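Engineer: Between the sequences and the hints, there should be enough to build the whole structure, so can you do that?
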Amino acid sequence: MVCTRPDIAHVVDTVSRFLSNPGRKHWNVVKWILRYLHGTIDMKLCFRGDKSTLVDYSDSDMAGDIDSRKSTSGYLIKFAGGVVAWQSRLQRCVALSTTEAEFISITEACKELLWLKKFLQELGFVHKKYPLFVDSQSAIHLGKNPTFHSRSKHIDVRYHLIRDALDAKLLKLAKIHTDDNGADMMTKALPRRKFEICCEIAGLAVIST
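Numbering (the numbering used here), first residue to last: 21 to 229.
Since the hints were made in silico from the structure, they are not lab data. Please read these numbers as outputs of a predicted model, since none were measured by experiment. Where hints are given, some of them may not hold.
In silico SDA-like cross-links for lysine to any residue, where the CA-CA straight-line distance does not exceed 20 Å [stated by the list, open to error]:
#	residue 1	residue 2
1	K214	L134
2	K51	R68
3	K214	V31
4	K208	L110
5	K189	S117
6	K131	R183
7	K90	S36
8	K195	I217
Structural biologist: Listed below in structure tokens is the structure:
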């Protein structure tokens, strides 16, 4: 179901961390997921023909995993009004600040966006730069400014891919308000209304059959 329902990606990722030693409380969460899917069985991804461009949203929490204190990265990539790629995943290293956590998440979103960009080029879709929306201005500055050495010198080299992509003008980082960032539901539990807004941004809609 995660392949067609981005709205459960985060909770499935979270409960999957306990596969090696599950308990009753984890089984209760799984049953809650199944009840949610049963109650939203008519919710589907919708695509339109008037927006044939990629739009990327990136977000992260801060040290959300209680045991490891690692943060969760999340992204949504839309095409034609609906998401075609998404991810909710625990970061490999411990972030020392919200800026660093967001920066790592941006890089993960960038990798997927660049792959989709090449794929669409093979199909004849040519766009110079696709937007990657982030709700952290400091993370955007860190991505654009290679002289921020004191704040980024300890970050793994692979996470600096975003700077090469920006220098090559393959994408553009843009600030977005947290309320409009659909990737928010990839990183944390949300109030009901905010969760519904994220689902709408992702292109999920109720279509009765």
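Engineer: Could you tell me which of the numbered hints above are not met by this structure, giving the numbers in increasing order?
Structural biologist: 1, 2, 5
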